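So the sequence lines, in the order shown, correspond to chains A and B.
Take any residue in the first sequence, note its place counting from 1, add 831, and you have its number in the numbering used here.
Take any residue in the second sequence, note its place counting from 1, add 308, and you have its number in the numbering used here.
Keep in mind that a hint or two might mislead.
Ranges of calculated distance between the beta carbons of each label pair, as one might list FRET restraints [to be verified]: (1) A:N870 x B:I441: 27 to 35 Å; (2) A:K837 x B:T456: 51 to 59 Å; (3) A:H877 x B:V458: 45 to 53 Å.
In case anyone wonders, no lab produced these hints; they're calculated from the structure.
Computed from a predicted structure; not experimentally measured.
C-beta: ideal position from N, C-alpha, C; glycine also.
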Amino acid sequence: MKTRIKELRARHNLTQEELAKKVGVRRETIVFLEQGKYNPSLRLAHDVAVALKSKIDEVFLFG
Amino acid sequence: MAQKEKGKNAHNGALALLAAILVLLSALVDPRLSFALAVVAMFGLSFTMKSKFWRQVPFTIASVMVAMTVVVVLNQGEGELVPAAAISGLVCLIILWLMFQRRKDGAILNDERTVAIHNRAMAYSWWVGYLTIAILFWFDYTDYLKLTAVQFGGAMLFVMLISQALIKRYLLSKGE
Numbered sequence: 832m833k834t835r836i837k838e839l840r841a842r843h844n845l846t847q848e849e850l851a852k853k854v855g856v857r858r859e860t861i862v863f864l865e866q867g868k869y870n871p872s873l874r875l876a877h878d879v880a881v882a883l884k885s886k887i888d889e890v891f892l893f894g
Numbered sequence: 309m310a311q312k313e314k315g316k317n318a319h320n321g322a323l324a325l326l327a328a329i330l331v332l333l334s335a336l337v338d339p340r341l342s343f344a345l346a347v348v349a350m351f352g353l354s355f356t357m358k359s360k361f362w363r364q365v366p367f368t369i370a371s372v373m374v375a376m377t378v379v380v381v382l383n384q385g386e387g388e389l390v391p392a393a394a395i396s397g398l399v400c401l402i403i404l405w406l407m408f409q410r411r412k413d414g415a416i417l418n419d420e421r422t423v424a425i426h427n428r429a430m431a432y433s434w435w436v437g438y439l440t441i442a443i444l445f446w447f448d449y450t451d452y453l454k455l456t457a458v459q460f461g462g463a464m465l466f467v468m469l470i471s472q473a474l475i476k477r478y479l480l481s482k483g484e
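Just chain A, with the same shape it has in the complex (with noise of 0.2 Å):
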């Protein structure tokens, strides 16, 4: 699985840490998403999707 999550992250000016905050995970987490290390819940996934205003097949690429 890929993310755009970096990319998104970028443009909203949003650091690691201040999104982890915004979706209530550590930071460790939000790293590994970005890493494609970890497949998150259906609820996270849709937090991070709200956090970066996007809906969640912008987010989470699945190839």
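Take the given structure of chain A and dock chain B to it, following the hints.
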């Protein structure tokens, strides 16, 4: 409603801390009393805790209990039990205090990833424990290694705790 829940959590927290202190103090009087209190407190409080932080307290008591058991095993039931229980209890309370401070700072101690990893590490650790029991059983059965029940229990305490901690550390660094 939230205010009521907050009040209930504070009440539970106070109760849990009181139990932890009682367990530690009773260790100074009679380790057996402390042990019995720890068992009752651990199970009693585990089911009543609502707040994530205060759920750690029963585990603190459990840690004291485990530490005391390890000391008993290592000393063959004699010696340094009381100071060891007091020291391990104190260490647990300090760790708890540090966690409380981090929580007050707004740091997120656990999220869905760490909880999933914790659960997975527990499952792997269960298998490691099962394998260890099987190995020790056959060693004993074939007279290769004779173990008493106390030595066997002590070995399992170490194996299950350490394997869980190591597997958790590995999975946390790996990503999922």
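Each hint, compared with the structure:
For A:N870 and B:I441, the Cβ-Cβ distance of about 33 Å falls inside the hinted range of 27 to 35 Å, so the restraint holds. Checking the proposed 51 to 59 Å range against A:K837 and B:T456 shows it holds: the Cβ atoms sit about 57 Å from each other. Taking the beta carbon of each, A:H877 and B:V458 are about 52 Å apart, inside 45 to 53 Å as hinted.
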